[in-house]
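Asker: Sequence:
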Amino acid sequence: MHDTTTNTGEVQRDLSNEYHVVFGAGGSKAILGATGAIVAFEKCGFTKFATIGGVSGGSIPAALFAHGVSAQELLELAVGADFTKFLIPKSGWLSRIWALLSKYRYERTLPLKGVYSGKPIQELIDEEVTSWPAGFWTMAASLTGHSVLFTKLGAYWNWKHAEKPEGFEGPVSVGTAVNASCAIPGIIDAVEYSGWHLFDGAIGDAGSCPTLPVQMRLGASPDKIIAFDLPDDHVKKSWWLRTLWHLRCGGSCGNIDGMHPTEDEGNIVISPTINGFHGLTFDLTRVAKWHAITASYIATVRRLEKAGLIPTERKTAAIALCEQLEQVSFDMPLGQYAVVQVEKIFAEHGFSA
Numbered sequence: 001m002h003d004t005t006t007n008t009g010e011v012q013r014d015l016s017n018e019y020h021v022v023f024g025a026g027g028s029k030a031i032l033g034a035t036g037a038i039v040a041f042e043k044c045g046f047t048k049f050a051t052i053g054g055v056s057g058g059s060i061p062a063a064l065f066a067h068g069v070s071a072q073e074l075l076e077l078a079v080g081a082d083f084t085k086f087l088i089p090k091s092g093w094l095s096r097i098w099a100l101l102s103k104y105r106y107e108r109t110l111p112l113k114g115v116y117s118g119k120p121i122q123e124l125i126d127e128e129v130t131s132w133p134a135g136f137w138t139m140a141a142s143l144t145g146h147s148v149l150f151t152k153l154g155a156y157w158n159w160k161h162a163e164k165p166e167g168f169e170g171p172v173s174v175g176t177a178v179n180a181s182c183a184i185p186g187i188i189d190a191v192e193y194s195g196w197h198l199f200d201g202a203i204g205d206a207g208s209c210p211t212l213p214v215q216m217r218l219g220a221s222p223d224k225i226i227a228f229d230l231p232d233d234h235v236k237k238s239w240w241l242r243t244l245w246h247l248r249c250g251g252s253c254g255n256i257d258g259m260h261p262t263e264d265e266g267n268i269v270i271s272p273t274i275n276g277f278h279g280l281t282f283d284l285t286r287v288a289k290w291h292a293i294t295a296s297y298i299a300t301v302r303r304l305e306k307a308g309l310i311p312t313e314r315k316t317a318a319i320a321l322c323e324q325l326e327q328v329s330f331d332m333p334l335g336q337y338a339v340v341q342v343e344k345i346f347a348e349h350g351f352s353a
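My numbering puts the first residue of the sequence shown at 1, with every later residue one more than the last.
Source of the hints: derived by calculation from the structure; they are not laboratory data. Note that the coordinates shown come from a computational prediction; the quantities given were computed from them, not determined experimentally. The reader is advised that the hints may include incorrect statements.
[As the list claims (entries may be wrong)] For lysine-lysine, the following PhoX-like pairs were computed, each having C-alpha atoms within a straight-line distance of at most 25 Å:
no. : residue 1 : residue 2
1   : Lys103    : Lys152
2   : Lys119    : Lys160
3   : Lys152    : Lys119
4   : Lys224    : Lys164
5   : Lys306    : Lys224
6   : Lys48     : Lys85
7   : Lys48     : Lys119
8   : Lys119    : Lys85
9   : Lys90     : Lys113
10  : Lys85     : Lys224
11  : Lys344    : Lys164
12  : Lys306    : Lys48
13  : Lys113    : Lys85
14  : Lys113    : Lys103
15  : Lys224    : Lys315
16  : Lys90     : Lys48
[Stated by the list, open to error] If you anchor each label on the Cβ, the simulated ranges turn out as follows:
no. : residue 1 : residue 2 : range
17  : Glu18     : Ser95     : 25 to 35 Å
18  : Thr130    : Lys85     : 15 to 25 Å
19  : Thr312    : Leu94     : 11 to 21 Å
20  : Gly154    : Thr47     : 22 to 32 Å
21  : Ser70     : Thr285    : 39 to 49 Å
Think of the CB as a built atom: it goes at the ideal place given N, C-alpha and C, for glycine as much as any other residue.
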């Protein structure tokens with residue numbers, strides 16, 4: 001780490017390659033939220049990390065970011081892309097609705113086939129990320145419930161107990177690993193690799209925003225891990241969903257709530273609140289997208305500010321953008337007007353979409 005001193009006497013720290021970032025699960029919310037966080041990282045001077053990883057929806061922006069895709073490019077992709085094209089429907093809408101209602105049961109029963117194919121996700125990532133970025137990692141879950149940690153060097157087939165990564169049995173593309181990490185049981189087809197069927201990285205034994213593997217296998221100390229972790233969708237707390245959960249499982253499914261990192265463990269946790277749509281909603285309005293990106297930018301800057309991690313030369317501009325965005329309301333019927341405001345504010349700070 002290199003320190004410099006400004007003419008005001010303040011010590012400036014070069015934070016490049018000192019911190020690790022983890023982007024947690026959350027479907028479309030994770031894609032958009034991570035994009036807002038990455039814009040904030042760039043604005044705050046975090047353009048490099050020791051490692052960049054993510055699971056489920058968070059693995060998509062993580063892979064692109066690790067490959068060197070800029071915050072501007074990610075913003076354009078997130079706002080401009082039709083998320084419905086990321087998946088190929090394999091059944092009628094009634095079957096798809098039933099699969100969504102059965103999501104939490106399927107996380108226990110682990111059916112190999114879903115109502116969607118995730119091949120477009122794999123193709124998108126493989127087209128953009130042609131070789132494995134040095135610091136990138138992602139995780140998928142196996143039928144045994146263990147999480148598999150994928151890195152450039154190989155795979156920890158049981159991350160808790162493996163002493164070192166094993167070589168891949170045949171080349172694995174980044175797209176294959178990301179597709180596996182996004183394979184929500186019963187909703188998106190499981191990915192077969194090396195004789196294993198792999199599922200959503202958020203349902204394994206490492207949690208929905210896995211920070212412990214970064215410590216145990218990638219050499220990070222807890223206080224050097226920035227965890228971008230979305231809270232569980234609000235619908236998960238509803239009585240009707242929990243009733244359906246118990247009825248469908250016969251009382252044998254265990255806890256419906258996900259595993260999340262806490263700051264008690266020493267991590268820096270960024271947890272924006274993104275309302276208005278479910279993480280498995282992919283037909284999104286521009287209002288919904290900008291709301292998610294804006295909320296995540298604000299949460300990221302405010303948490304980095306609290307931790308004292310924004311260099312002085314970056315702080316004024318990063319917080320100015322934050323304060324301008326905090327004045328914008330996405331409450332309907334003003335949503336469309338909010339989009340105009342937000343796009344103008346971001347453009348004034350060098351970001352357009």
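Asker: For every hint, state whether the structure bears it out.
Answerer: Structure-based check of all given hints:
Taking the CA atoms of Lys103 and Lys152, the gap is near 31 Å; set against the 25 Å cutoff, the hint is violated. Distance check on the hinted pair: Lys119 and Lys160 sit about 29 Å apart at the alpha-carbon level, beyond 25 Å; violated. Distance hint between Lys152 and Lys119 is fulfilled; the C-alpha atoms sit about 21 Å from each other, no more than 25 Å. Restraint check for Lys224 and Lys164: the C-alpha separation of about 22 Å stays at or below 25 Å, so the hint holds.
As the CA atoms of Lys306 and Lys224 are separated by approximately 15 Å, the hinted pair is consistent with the 25 Å bound. For the given pair, Lys48 sits about 30 Å from Lys85 by alpha-carbon distance, which is inconsistent with the 25 Å threshold. Among the hinted pairs, Lys48 with Lys119 is inconsistent with the structure: their alpha-carbon atoms are about 29 Å apart, more than 25 Å. With a C-alpha separation of about 10 Å, the suggested pair Lys119 and Lys85 falls inside the 25 Å cut-off, and the hint holds.
Restraint check for Lys90 and Lys113: the C-alpha separation of about 10 Å stays at or below 25 Å, so the hint holds. Distance restraint check for Lys85 and Lys224: the Cα-Cα separation of roughly 36 Å exceeds the 25 Å cut-off, and the hinted pair is therefore not satisfied. For the hint linking Lys344 to Lys164, the alpha-carbon distance of about 49 Å lies beyond 25 Å, and the restraint is violated. Taken as a hint, the Lys306 and Lys48 pair is honoured in the structure, with Cα atoms around 20 Å apart against an allowance of 25 Å.
Between Lys113 and Lys85, the direct Cα distance comes to roughly 19 Å. Compliance with the 25 Å bound is thereby established for this hinted pair. The suggested pairing of Lys113 with Lys103 holds, with an alpha-carbon distance near 13 Å, which does not exceed 25 Å. The hinted pair formed by Lys224 and Lys315 meets the criterion: a straight-line CA distance of about 20 Å does not exceed 25 Å. Straight-line distance between C-alpha atoms of Lys90 and Lys48 comes to about 39 Å, which puts the hinted pair past the 25 Å bound.
Remark: the range hint 25 to 35 Å for Glu18 to Ser95 is contradicted by a beta-carbon distance near 48 Å. As the Cβ distance of Thr130 to Lys85 is approximately 21 Å, the hint placing it in 15 to 25 Å holds. Look at Thr312 against Leu94: about 57 Å separates their beta carbons, and that is not inside 11 to 21 Å. Evaluation of the 22 to 32 Å hint for Gly154 and Thr47 yields a pass: the beta carbon distance comes to about 27 Å.
Ser70 and Thr285 have their C-beta atoms about 25 Å apart, which leaves the hinted 39 to 49 Å range violated.
Going down the numbered hints, you'll see the structure goes against 1, 2, 6, 7, 10, 11, 16, 17, 19, 21, while the others check out.
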